[in-house]
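Participant: Okay, here's what each chain looks like letter by letter:
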Amino acid sequence: MSVSVGIVGGSGYTGGELLRYLHGHPHARVTQITSREYAGQYVYTVHPTLRGASDLQFIHPDALTACDVLFLCLPHGTASRQIERYAALAPVVIDLSADFRLTSPAAYAQHYEEAHPAPEWLARFVYGLPEVNREALRGARYASGVGCNATAVNLALLPLVRAGLLESAFAEVKVGSSEGGNQHNAASHHPIRSGAVRAYKPTRHRHHAEVAQVLGESVRVQFAVTAIEMVRGVHVLAHCQLTRKVEEKELWKAYRVAYRDEPFVRIVSSKTGLFRFPEPRVVAGTNLCDVGFELDADGQHLVAISALDNLGKGAAGSAVQCLNLMLGFNETDGLNQLGVYP
Amino acid sequence: MITLTAQCPECDADVRLPDGVMQNELISCPECGVELEVISLAPVELALAPDVEEDWGE
Numbered sequence: 008m009s010v011s012v013g014i015v016g017g018s019g020y021t022g023g024e025l026l027r028y029l030h031g032h033p034h035a036r037v038t039q040i041t042s043r044e045y046a047g048q049y050v051y052t053v054h055p056t057l058r059g060a061s062d063l064q065f066i067h068p069d070a071l072t073a074c075d076v077l078f079l080c081l082p083h084g085t086a087s088r089q090i091e092r093y094a095a096l097a098p099v100v101i102d103l104s105a106d107f108r109l110t111s112p113a114a115y116a117q118h119y120e121e122a123h124p125a126p127e128w129l130a131r132f133v134y135g136l137p138e139v140n141r142e143a144l145r146g147a148r149y150a151s152g153v154g155c156n157a158t159a160v161n162l163a164l165l166p167l168v169r170a171g172l173l174e175s176a177f178a179e180v181k182v183g184s185s186e187g188g189n190q191h192n193a194a195s196h197h198p199i200r201s202g203a204v205r206a207y208k209p210t211r212h213r214h215h216a217e218v219a220q221v222l223g224e225s226v227r228v229q230f231a232v233t234a235i236e237m238v239r240g241v242h243v244l245a246h247c248q249l250t251r252k253v254e255e256k257e258l259w260k261a262y263r264v265a266y267r268d269e270p271f272v273r274i275v276s277s278k279t280g281l282f283r284f285p286e287p288r289v290v291a292g293t294n295l296c297d298v299g300f301e302l303d304a305d306g307q308h309l310v311a312i313s314a315l316d317n318l319g320k321g322a323a324g325s326a327v328q329c330l331n332l333m334l335g336f337n338e339t340d341g342l343n344q345l346g347v348y349p
Numbered sequence: 022m023i024t025l026t027a028q029c030p031e032c033d034a035d036v037r038l039p040d041g042v043m044q045n046e047l048i049s050c051p052e053c054g055v056e057l058e059v060i061s062l063a064p065v066e067l068a069l070a071p072d073v074e075e076d077w078g079e
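Line order of the protein sequences matches chains R and C. With positions in the first sequence counted from 1, the corresponding number in this note's numbering is that position plus 7. With positions in the second sequence counted from 1, the corresponding number in this note's numbering is that position plus 21.
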């Protein structure tokens, strides 16, 4: 079985990553990709790693025709205003923006400061994090993408929540410049951005809504986002107050129970070597999320750590994983890349 | 040849001992990486090897 795939808004970084992952996919073939700015140009002129691998040319969005699957890689608020059109073009739609991630219209209005343009569609979308929604994604027609920062926080803390061990957490989230997308602005100008350690969003980051949706309201989780000198990657270091004193073996058990069958989550909490805890560059270019932890001497203060590629597990990788679940493919199809080192 | 296994005293992982393993041999846990000493073969028993302080690159 092979399905035809269209990518809407494909000149951005997530569009390029989708092309890269789907290039090696045994059952999905990208047949159309849209860009207003680059219509008529070969995709490798914008996504240079695809030179020799794809002879696809960008088309204008108005030229989009029916296909089996549509990935939407549009600016925030765009997909939700055109969802009827896209749903008429393809039976399966995966939206990488934040438009359909929240199930509650009230939560959307609170965090995105406007009423949702198509609230009746929110319940039709499954939140696209396979580690929490695998069964709901199987056979689903509509899936949202995930927030990269939210996913890094969620996967770091999920085992603790499931084991009833997390009382509260404060996460310091360090992020790379590609989170800002491919549209430049004054803040991304090289003399300004290079070398930055910029407290980008110390409180009230929009991804809090996704964290609350995944981890629940019963645990208090806060996080601050700092932009650092990095292109790809999210690094989470979360100080956790546990509900009771534990031993390290109990934490290993909690993380193993949560992730032993997960193809893209690795537990990295090593006593030896240079890479003892998750580090973003180790997972750059992959759909992997590494998670780890270290228990403080008091047995109740834990530091949980995670790392992922914001364009991989934090965006396009998860979206392809969703595609595989939705259409019954092998969950790892197209996603078996390892990172590069050094 | 029977494969000997034991649990890591640090993280509870199942540790497979190498063929021909000897008492007092040092091995590493495949999951948490801690260095372990085989303190007994019958029954198989592992203990944390003496820790060597290092700054691992800092």
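There could be a bad hint or two in this list.
[Stated by the list, open to error] Negatives, chain R to chain C, calculated, CB over 12 Å: (1) His196; (2) Gly223; (3) Ile235; (4) Leu244.
[To be verified] Ranges of calculated distance between the beta carbons of each label pair, as one might list FRET restraints: (5) Gly187(R) / Thr26(C): 46 to 56 Å; (6) Arg88(R) / Thr26(C): 29 to 39 Å; (7) Ala304(R) / Gln28(C): 21 to 31 Å; (8) Asn45(C) / Gly187(R): 14 to 24 Å; (9) Glu254(R) / Thr26(C): 20 to 30 Å; (10) Val42(C) / Gly187(R): 27 to 37 Å; (11) Ser61(C) / Arg251(R): 29 to 39 Å; (12) Ile199(R) / Val42(C): 34 to 44 Å; (13) Thr52(R) / Ala70(C): 51 to 61 Å.
I should point out that these hints are in silico values taken from the structure, not numbers from a laboratory. Yeah, the Cβ is synthetic: ideal placement off N, Cα and C, and Gly gets one too.
Participant: All the hints need checking, so say for each whether the structure fits it.
Facilitator: Okay, the hints, checked on the actual structure:
1. His196: His196(R) is indeed farther than 12 Å from all Cβ atoms of chain C, at 33 Å.
2. Gly223: Gly223(R) clear of chain C: closest Cβ-Cβ about 27 Å, beyond 12 Å.
3. Ile235: holds, 18 Å
4. Leu244: holds, 16 Å
5. Gly187(R) / Thr26(C): 46 to 56 Å: holds, 49 Å
6. Arg88(R) / Thr26(C): 29 to 39 Å: Hint violated: Cβ distance 58 Å, outside 29 to 39 Å.
7. Ala304(R) / Gln28(C): 21 to 31 Å: At roughly 23 Å between Cβ atoms, Gln28(C) and Ala304(R) fall inside 21 to 31 Å, so the hint holds.
8. Asn45(C) / Gly187(R): 14 to 24 Å: This hint is violated: roughly 56 Å between Cβ atoms.
9. Glu254(R) / Thr26(C): 20 to 30 Å: At 22 Å between Cβs, range holds.
10. Val42(C) / Gly187(R): 27 to 37 Å: violated, 53 Å
11. Ser61(C) / Arg251(R): 29 to 39 Å: holds, 33 Å
12. Ile199(R) / Val42(C): 34 to 44 Å: violated, 58 Å
13. Thr52(R) / Ala70(C): 51 to 61 Å: Taking Cβ atoms as reference, Thr52(R) and Ala70(C) lie about 56 Å apart, which means the hint holds.
When each numbered hint is compared with the structure, violations occur for hints 6, 8, 10 and 12.
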